[in-house]
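Spelled out from the first residue to the last, the chains are:
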Amino acid sequence: MDLSSISPILLIASIMISATPILLAAIGEMVVERAGVLNLGVEGMMITGAVVGFAVAINTGQPALGFAAAALAAALLSLSFGFLTQVLLSNQVATGLGLTLVGLGLSSLIGKPYEGMKTPTLPKLDLGPLSDLPVLGRMLFSHDIMVYLSLVLVAAVWAFLKYTRAGLILRAVGESHDAAHALGYKVVRVRMAAIFFGGACAGLGGAYLSLVRVPQWTEGMTAGAGWIALAIVVFASWRAERVLIGAYLFGGVTVLQLNLQAAGAAVPVALLSASPYLMTILVLVAISARGTHGAPASLGQPFHAIQ
Amino acid sequence: MGQPLLTLRGLTKAYPGVVANDDVSFEIGEGEIHALLGENGAGKSTLVKMIYGLVKPDAGAMTLRGQAFAPSQPAEARRAGVAMVFQHFSLFDALSVAENVALGMENSPRTRDLARQIRDVSEAYGLPLDPFRVVGTLSAGERQRVEIIRCLLQDPKLLIMDEPTSVLTPQEVTILFETLRKLRSEGTSILYISHKLEEIRALCDTATILRLGKRVATCTPAETTARALAEMMVGASFATPKARATTPGDVLLEVKALSLPAPGAFGTPLRDVSLQLRAGEVLGIGGVAGNGQDELLAALSGERLAPRGSVLLKGRDISRDGPVARRGQGLLSGPEERLGHAAAPNMSLVENGVLTAARRAGLVRRGFIDWRAAGAFADTVIKRFDVRTPSAQTAARALSGGNLQKFVIGREIVQDPDVLVVNQPTWGVDAAAAAAIRQALLDLAADGTGILVISQDLDELMEISDRFAALNEGRLSEARPVADLSIEKIGLMMGGAHDMEVAHETA
Numbered sequence: 001m002d003l004s005s006i007s008p009i010l011l012i013a014s015i016m017i018s019a020t021p022i023l024l025a026a027i028g029e030m031v032v033e034r035a036g037v038l039n040l041g042v043e044g045m046m047i048t049g050a051v052v053g054f055a056v057a058i059n060t061g062q063p064a065l066g067f068a069a070a071a072l073a074a075a076l077l078s079l080s081f082g083f084l085t086q087v088l089l090s091n092q093v094a095t096g097l098g099l100t101l102v103g104l105g106l107s108s109l110i111g112k113p114y115e116g117m118k119t120p121t122l123p124k125l126d127l128g129p130l131s132d133l134p135v136l137g138r139m140l141f142s143h144d145i146m147v148y149l150s151l152v153l154v155a156a157v158w159a160f161l162k163y164t165r166a167g168l169i170l171r172a173v174g175e176s177h178d179a180a181h182a183l184g185y186k187v188v189r190v191r192m193a194a195i196f197f198g199g200a201c202a203g204l205g206g207a208y209l210s211l212v213r214v215p216q217w218t219e220g221m222t223a224g225a226g227w228i229a230l231a232i233v234v235f236a237s238w239r240a241e242r243v244l245i246g247a248y249l250f251g252g253v254t255v256l257q258l259n260l261q262a263a264g265a266a267v268p269v270a271l272l273s274a275s276p277y278l279m280t281i282l283v284l285v286a287i288s289a290r291g292t293h294g295a296p297a298s299l300g301q302p303f304h305a306i307q
Numbered sequence: 001m002g003q004p005l006l007t008l009r010g011l012t013k014a015y016p017g018v019v020a021n022d023d024v025s026f027e028i029g030e031g032e033i034h035a036l037l038g039e040n041g042a043g044k045s046t047l048v049k050m051i052y053g054l055v056k057p058d059a060g061a062m063t064l065r066g067q068a069f070a071p072s073q074p075a076e077a078r079r080a081g082v083a084m085v086f087q088h089f090s091l092f093d094a095l096s097v098a099e100n101v102a103l104g105m106e107n108s109p110r111t112r113d114l115a116r117q118i119r120d121v122s123e124a125y126g127l128p129l130d131p132f133r134v135v136g137t138l139s140a141g142e143r144q145r146v147e148i149i150r151c152l153l154q155d156p157k158l159l160i161m162d163e164p165t166s167v168l169t170p171q172e173v174t175i176l177f178e179t180l181r182k183l184r185s186e187g188t189s190i191l192y193i194s195h196k197l198e199e200i201r202a203l204c205d206t207a208t209i210l211r212l213g214k215r216v217a218t219c220t221p222a223e224t225t226a227r228a229l230a231e232m233m234v235g236a237s238f239a240t241p242k243a244r245a246t247t248p249g250d251v252l253l254e255v256k257a258l259s260l261p262a263p264g265a266f267g268t269p270l271r272d273v274s275l276q277l278r279a280g281e282v283l284g285i286g287g288v289a290g291n292g293q294d295e296l297l298a299a300l301s302g303e304r305l306a307p308r309g310s311v312l313l314k315g316r317d318i319s320r321d322g323p324v325a326r327r328g329q330g331l332l333s334g335p336e337e338r339l340g341h342a343a344a345p346n347m348s349l350v351e352n353g354v355l356t357a358a359r360r361a362g363l364v365r366r367g368f369i370d371w372r373a374a375g376a377f378a379d380t381v382i383k384r385f386d387v388r389t390p391s392a393q394t395a396a397r398a399l400s401g402g403n404l405q406k407f408v409i410g411r412e413i414v415q416d417p418d419v420l421v422v423n424q425p426t427w428g429v430d431a432a433a434a435a436a437i438r439q440a441l442l443d444l445a446a447d448g449t450g451i452l453v454i455s456q457d458l459d460e461l462m463e464i465s466d467r468f469a470a471l472n473e474g475r476l477s478e479a480r481p482v483a484d485l486s487i488e489k490i491g492l493m494m495g496g497a498h499d500m501e502v503a504h505e506t507a
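These protein sequence lines map, in sequence, to chains A and B. The opening residue of the first sequence carries number 1 in full-length UniProt numbering; numbering runs sequentially from there. The opening residue of the second sequence carries number 1 in full-length UniProt numbering; numbering runs sequentially from there.
Rather than coming from a laboratory, the hints here were simulated on the basis of the structure. Heads up, none of these hints are tricks.
Once the Cα atoms are required to be at most 30 Å apart in a straight line, the calculated DSBU-like pairs of lysine-lysine come out as:
hint: 1; chain 1: B; residue 1: K56; chain 2: B; residue 2: K157
hint: 2; chain 1: B; residue 1: K56; chain 2: A; residue 2: K186
hint: 3; chain 1: B; residue 1: K196; chain 2: B; residue 2: K214
hint: 4; chain 1: B; residue 1: K157; chain 2: A; residue 2: K186
hint: 5; chain 1: B; residue 1: K214; chain 2: B; residue 2: K383
hint: 6; chain 1: B; residue 1: K383; chain 2: B; residue 2: K196
Chain A residues, not near chain B, derived (Cβ > 10 Å throughout):
hint: 7; residue: I6
hint: 8; residue: S7
hint: 9; residue: N59
hint: 10; residue: L104
hint: 11; residue: T121
hint: 12; residue: A159
hint: 13; residue: V234
hint: 14; residue: Y248
hint: 15; residue: V267
Ideal Cβ placement from N, Cα and C applies to all residues, glycine included.
Please take these sequences and the hints and turn them into a complete structure.
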């Protein structure tokens, strides 16, 4: 095999591209889980975002509109989850799984006419002198705007949770909804807002797949990215900065195994393709074995105000 | 006292099937400590929730300093100057002291300013506290300080305290009372909810007694005996446990230098714990919550296995036996948490009976549950311990705390154990049910069972124990005969001592 065919510059650049959709979905899901809600429908919301974003971008010729529509569509879908679990008190795990199935089915229905079509994609940003830097320019500073937005979003979520009162209330609701309720905070309202945000983020992640990374529509194109995003939230022990590390690590392994396949490594292709998922499982096991999790104490528990 | 601070007139609140408050009226004066007294289910919590804006009354009205007062949510009550220290459910373990305080305030200042305010107030009232500690690592007494300081920072006119002393050492109670008296002298009124009659007599100016949702009486507790108060509360006289003179028999349970690491981030390790429990004796183990009580129970019940040779039952090493094997050999146990640990909340009383009594009471035949025998077993427990429930098929969570507690303790007693280990057998249980449970434990000991009672209620331990030992940070003091002890000595054995000195210096 020929490892010299792997260019480090291109490798890092493509890691950033490949990590972005998972990063977007994971940071949204992390906020949802910090509010104490376990939404297993990330995969369904992502693929809904992917197909809606793709359809809108084709019909309007504007990828930016595609992203906006994707976020809105997935957020609306997540609200149905919110209504079922927060108002009607349905089981969060079962409802989340249902949401994934609905999303997968709905997306193939909407996406049928768009198969094989080409979409306008996001332009690379020109960051002036930064983009002209010798190595770093190609590596870090010549991506499209969503890559940078996703990074800004992580920083914003981090600051929101750490420094703002609203962030404190969100964490409090996830930590003990009974205590938060006793202090007079609107548990259901806070959780609905978090679910909406998580849905919008998953939609953006999905649209990034269909509009930038691939860019095409194929049925089931998220291929488990939503599940990986869920795993990354656990991997990150519900901390924004670690979500970033987790997403880039996973993106890194994905890109690396593709490069190794291309370079003709003497490892079965099936094993290489499975490696990102295997690594996710291994990391999760290692983290669980370590003991400290940092999971919000009310995660996944239904809240029913008894008065 | 002039014009009252808060007047309640005809407050009524009904829930499906039960009237929680029925036409309750009374007044709380300015600068008065007013006790609210009643059994579990007497309607104290509902009443307090109405004052704090968590529950809307069906009928009746309140006036605060002459103004109509009808808070629709806690924020409104807080703005009007009503603050509340909850019994539980209001602190966030994973957040810091400052964050917890900020959540309870209407407009919280920046963290740095808030931390300074917390330090100032905590020193002014003799309640030392580090604003940046994570609440999950605090002791029960310190957690309560967080709640009190959260209230004090808002300069309340009325402070509501729901069972504040249930988890404190005698020294901590003294400090709390000093704080409350200081607040009273500054003109703050306090509504003080408690079961503990002696405390109310020592602290409160006035007491209102509720029974079955109705106000029974308002009196001056200092001029009333504890027994009279208790009888007003219960509505009938109840039997206090009879002291007995038994001679302890052979050693049944022996623990030798048992050490176990902490089970989790907020747990306590057991350090070199040794004890002997004899037939017919009640050994009381006191200590402030979170000093290894749950861990000791888990090590004795078999939920956590202990190092070989550290736990012996009748001379036989049972350290590596699980709970089922230990039950088989006659060591039964009842943990503190009724719902979720001692009983499965959504399962019926019959099913909960089978869960611990399957083998000893012969409720399983050839691997199948003998439902008729199981039903008879549950009925025996219900009848013998006066468990008030519609039927044995009722889900455990539907029972009130006191009745479920009678059931889970009774379930073990009916199985005729050689050794019974119980943690907080009367926690959150009203006076009559508590007396019944204590009497049952004493009767069991009189029949030759060795009983180990872990409790935070010192009065209870003094009443029923032959010997007393205290847990402090996972270490168990030497057991001493109760007859030789004073409540002050016990407080020192419980080892809150070093912590308390700090508090006194700053007070």
